Each structure stands twice: as structure tokens, then as C-alpha cells.
Amino acid sequence: KAGVTQTPRYLIKTRGQQVTLSCSPISGHRSVSWYQQTPGQGLQFLFEYFSETQRNKGNFPGRFSGRQFSNSRSEMNVSTLELGDSALYLCASSVRGGTEAFFGQGTRLTVV
Amino acid sequence: GQNIDQPTEMTATEGAIVQINCTYQTSGFNGLFWYQQHAGEAPTFLSYNVLDGLEEKGRFSSFLSRSKGYSYLLLKELQMKDSASYLCAVREGGGSYIPTFGRGTSLIVHP
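Protein chains in written order, with my numbering: chain D, 1 to 112; chain B, 1 to 111.
Hints were generated in silico from the structure; no laboratory data involved.
There's no promise every hint is true.
To be verified - Just some of the chain D residues that point at chain B, by a computed CB distance under 7 angstroms:
| # | residue |
| --- | --- |
| 1 | G40 |
| 2 | L43 |
| 3 | E48 |
| 4 | F60 |
| 5 | S79 |
| 6 | T80 |
| 7 | G84 |
| 8 | E100 |
| 9 | F103 |
| 10 | G104 |
Said to hold, decoys possible - Restraint-style ranges between C-beta atoms, simulated for each label pair:
| # | chain 1 | residue 1 | chain 2 | residue 2 | range |
| --- | --- | --- | --- | --- | --- |
| 11 | B | V50 | D | S27 | 24 to 32 angstroms |
| 12 | B | H38 | D | S27 | 32 to 40 angstroms |
| 13 | D | N77 | B | G53 | 24 to 32 angstroms |
| 14 | B | E77 | D | S70 | 42 to 50 angstroms |
| 15 | B | G28 | D | R15 | 34 to 42 angstroms |
| 16 | B | G15 | D | S51 | 41 to 49 angstroms |
| 17 | B | L74 | D | S79 | 40 to 48 angstroms |
| 18 | B | E14 | D | G84 | 19 to 27 angstroms |
| 19 | B | L74 | D | G58 | 29 to 37 angstroms |
| 20 | B | E41 | D | R15 | 36 to 44 angstroms |
| 21 | B | I17 | D | T20 | 41 to 49 angstroms |
| 22 | B | Q79 | D | I12 | 35 to 43 angstroms |
| 23 | D | R67 | B | E77 | 39 to 47 angstroms |
Computed from a predicted structure; not experimentally measured.
For glycine and all other residues, C-beta sits at the position ideal for the given N, C-alpha and C.
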């Protein structure tokens, strides 16, 4: 069965711009979580969506937002980009936020 | 809040055994995960422990002691392809299904 698909794989944006990243979970998975990964901070949780509702949220500013659609696909948006937002953004899906999450390949965002 | 500690880097020889430790301090506990992440790739699930004891899965085993806030990942018969970052993650529970990740241990396997 198809894995978690994230698009785009690479992105270069300018400070002040906004960006939208997409994640298509494994078929049947209703939980989608987003993480930011940087060399300095490691893997940090952004938020989790389950059945179109945000169920958990990490400690990130309001510039980071997300949503989930009825088909479980999810998007995350970052507004007013800062240089420090440069990172690998990973999406993980699971059946209901259970024991095993499957990660996508990530979107590498570079802010210049 | 949670505090998860694991060594930053370890080296080992091909064919040997290596143990990667993870200690955690959490207000609640609802499971500990180990993930493997090769450079430039997505993390892949290795193991999940929620009860004390050893879980064995092929060359990889994971151990948990809840009373000590301690886990380890044991890799046997090391292969060059095992060179990767190993991430320990703890789920606190209390209604949250989300695990908090440690910084990861970079394992280098040399011939």
C-alpha cells in the first residue's frame, strides 16, 4: 500500500513569504501529525489532526497553522517566514494516533 | 513536560553488538518508541514498549524499565547499513497520543 506522501520535497522561499505544505496519509489513517526537524533542536512536534480536528498542539507560534480535510489529507501553513523556519518538515500518519506512526519523506524548506 | 536524554554519538564495529540508552523524565507515561533515521530520509518505526521488559525483533531488541525511566535499544550483528540516527520518543499519555522525541543518537558502524 502507498506510504505517506509529502509535497513538495524541496522549497526555497524568501523571508516574509508564506508557504503551504501538503501531506497525504496512508489510506485508512485518520491521524496526521506534523514535526519540524532541525540539527539543533531535533524532531519537534507541531500539531496533530484527527478527523479534521486539531487534537494536539506543540509550542510553536501562531504563524504555524494546519488543517485536515475529510479525506484525511493535511496541509500546514507557515506565514511571514523567518530564516529560522528553515528545516525539514515531516508528516506522520497513524490509524488513530496509536502505537506506530509512518513518516513521509519530508519537505525541506529553505528560507533565504 | 518531558526530558529525554540519549547519547549524541556512538561508534561500533561491523558484526558487534551496541546498546543505545535512553532516559526520560515525564509526568506520565504511555509508551516508548524507537525510530531509525538514515541521513536524508524519513524516520522508520523500530519498536514500541509500554510494559517493562525486553521486546525482541530480529537483530533489534528494545528494553524498558518504567520505574527507572530507562530504555535501551540493542543492535546485534551490526551491519554497515545500521549507520543511522536512532531516535527515542516517549508518549506521555493523559489523553495525548503524541510522542516527544529525544535529539537522537548518531551510530557510526565501521568495518
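So, going through the hints one by one against the coordinates:
| no. | hint | result |
| --- | --- | --- |
| 1 | G40 | violated (9 angstroms) |
| 2 | L43 | holds (4 angstroms) |
| 3 | E48 | holds (6 angstroms) |
| 4 | F60 | violated (13 angstroms) |
| 5 | S79 | violated (23 angstroms) |
| 6 | T80 | violated (26 angstroms) |
| 7 | G84 | violated (18 angstroms) |
| 8 | E100 | holds (5 angstroms) |
| 9 | F103 | holds (4 angstroms) |
| 10 | G104 | holds (6 angstroms) |
| 11 | V50(B) / S27(D): 24 to 32 angstroms | holds (26 angstroms) |
| 12 | H38(B) / S27(D): 32 to 40 angstroms | violated (25 angstroms) |
| 13 | N77(D) / G53(B): 24 to 32 angstroms | violated (43 angstroms) |
| 14 | E77(B) / S70(D): 42 to 50 angstroms | holds (47 angstroms) |
| 15 | G28(B) / R15(D): 34 to 42 angstroms | holds (39 angstroms) |
| 16 | G15(B) / S51(D): 41 to 49 angstroms | holds (48 angstroms) |
| 17 | L74(B) / S79(D): 40 to 48 angstroms | holds (45 angstroms) |
| 18 | E14(B) / G84(D): 19 to 27 angstroms | violated (39 angstroms) |
| 19 | L74(B) / G58(D): 29 to 37 angstroms | holds (31 angstroms) |
| 20 | E41(B) / R15(D): 36 to 44 angstroms | violated (28 angstroms) |
| 21 | I17(B) / T20(D): 41 to 49 angstroms | holds (46 angstroms) |
| 22 | Q79(B) / I12(D): 35 to 43 angstroms | holds (36 angstroms) |
| 23 | R67(D) / E77(B): 39 to 47 angstroms | holds (45 angstroms) |
Hints 1, 4, 5, 6, 7, 12, 13, 18 and 20 from the earlier list are contradicted by this structure; the remaining hints agree with it.
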